[in-house]
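S.K.: Here are the chains, one letter per residue:
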Amino acid sequence: MKKYAFVLISALCLLLAGCGARSDASAARSRTVFAMDTVMNLTVYGGNEDTLRVAEEELHRLDDALARTREGSDVYTLNHSGSVRSIDAARLFARADEIAAATDGAFDVTIAPVLALWGFGENADGQHVPDAGAIAEALRYVGREHVSRGSDGVEVRLDLPAQVDFGGIAKGYAAMQLSNIFSSTITGAVLDLGGDVCVIGKKPDGADWRIAVKDPADGERFLGVLEASDICVMTSGVYERYFEENGVRYHHIIDPRTGWPADNGIVSATVICRDGIWADALATALCVLGAESAETLRQSLAETMPFDYILVTDGNAVRYTCAGFTPEKTGPYSYEQVS
Amino acid sequence: MRFTTKQLTLCALLAALALALSYVEGMFPAPLPLPGVKLGLANIVTLFALCALGAPYALAILLVRVLLGAMFAGNASALLYSLLGGLAALGVMALLVRAKRLSVYGVSIGGAAAHQCGQVAAAIVTLGSLAPLAYLPALLVVSVFTGALTGFVTGMLLGNRFLKNVAE
Amino acid sequence: MNRFPEQKPNRYDALVILVVLALALLCAARFWLAPTDGAAEVVVRADGAEIDRLPLADAERTYQNNGYTLRIAVTAESVRVTQADCPTQDCVHTGRISRQGQSIVCLPARIVITVEGTGAAPYDAIAG
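Those protein sequences? They're chains A, B and C, same order as listed. Using this note's numbering, read the first sequence as starting at 1 and increasing by one per residue. Using this note's numbering, read the second sequence as starting at 1001 and increasing by one per residue. Using this note's numbering, read the third sequence as starting at 2001 and increasing by one per residue.
It cannot be assumed that every hint is accurate.
[Unchecked claim] With the Cβ distance kept under 7 angstroms, some of the chain C side facing chain A (calculated, not the full set): (1) A2049; (2) I2051; (3) P2055; (4) A2125; (5) G2128.
To be clear, the hints were calculated from the coordinates, so they are not data collected in a lab. On a predicted model such as this, the values are computed, not experimentally measured, just so you know. Glycine is no exception: its CB is placed at the ideal position from the N, C-alpha and C atoms.
Looking at chain A on its own, in the form it has when it is part of the complex (with noise of 0.2 angstroms):
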């Protein structure tokens, strides 16, 4: 009987010896959150559940500040009084006007009227192709002219009738305000606000971080993968809102200079840049530019402010200017690095 137990016994260690090594994941903890119009997905290597609750708080709280049409929010307030008290709205502005200035305004924050005539406002209905006179009068008020802030730093002030909208920079900010949030308690975070996706640090591993951008045609494939660490990675493009008259597409990306939609050839810009701000700004200001305007911009920027962008042109083409980028040549896409 002894032998059996034996047998029995060293049968069973083998066994359990197979179950000891117990993998060793890298703690990462993830969380969903539901603001600013996306849902967002954020991941966070090291740290602990607080890090994750007070980044959503945080969110939380950047959407009810930010909200154009929600009565009390820092920006209703602006734009209906004409002044407010909002560090958020103050800094907002400050990265705003640089961005303005940088940008020649083809990126501009008081574009919000000239939006509206055109249907992409909050009202998605009645789009629709407004009469010259109107983008006239509405562009009147356009311009980073109209915002100025108050000698104390906290205060904006507006010249109505002019409008502000901040959501083409509001998750560039919210996902510098994550990264100063998580700066000393994690050791990495991939955070995804929607498509627009921040990395802070390297991997576990100590590798950069891998980000797939995705094809503006097909959801479903990609451009090619960017390996990068510390870094935002934005993209607007002209497929996101549209609507047709008369058989003419007109986009949603309003090239505040002129009222109307930009027309040059872009589909869609992805930006990579360490600034979030910047990165979500600038996806919006070289749709405008175009590819030629867009280089010269990035070779003027390259001391003060460097990025990187991936620009899909008309006729399948991507143009991308970043080292860390491999196309994914699959695709029906033609590529051109520039250097």
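Start from chain A and add chains B and C according to the hints.
M.R.: Same frame as chain A, but now just chains B and C:
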């Protein structure tokens, strides 16, 4: 396959006993939380019937037990579990009994292992996924113990003079 | 009755035990000795078709299939079913699973929750 009245009575009794056993084991925590997987206590009856009455009788008892059990449970997939488990156990045990060298323990453990394999096969069929296979190693280890237990009980039953008389 | 087997265990019985355990080891090797490097993912399948895939990181999800609802809680280490309205509650009783290849099966809902290795995960995020 001819039934004497005694044998018929014994078969009916055994089927009822098997049914009761499968009901009772439902009250125990399952060896592993794979739904429908059972310890296989009813194998006591199968093995006893196999030895005392023969394979055809054991099969008849098994089928009655499985069908009635499924009717009581009102669950078609549970039917597949106990059917495949039971048939596999019966088949393997019928083979092992012929290998005269094995004691009742060896036969019973072989049957218990086959029972678990059959149940896992049923789970794979029902779910259309190989996932239940992951439970098989643990179930097989468990089957060594349940097999030893059912072997012990069956051995006692087979040694019982009253039952022996009835069977003959 | 000469068909009656012996009632005393002998060494041939040990052989049976060994065969059973060897079989167990063989199966175990397939799941437990598989490379566990890299991140793991929770994959949820209903009726065999994948309905969700999420990283092994704190999250809660609810799934419905075949008229039943179950709620799962995922942590950095493991996943478990916290709530189910099925009569058997087997999936809830399964407790936590953490190892790649392990799964929780909810038969009434026909849902299988598996921990799968991402292996060389192709992407950490999808932008655009």
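S.K.: List, from low to high, the hint numbers that the structure doesn't satisfy.
M.R.: 1, 2
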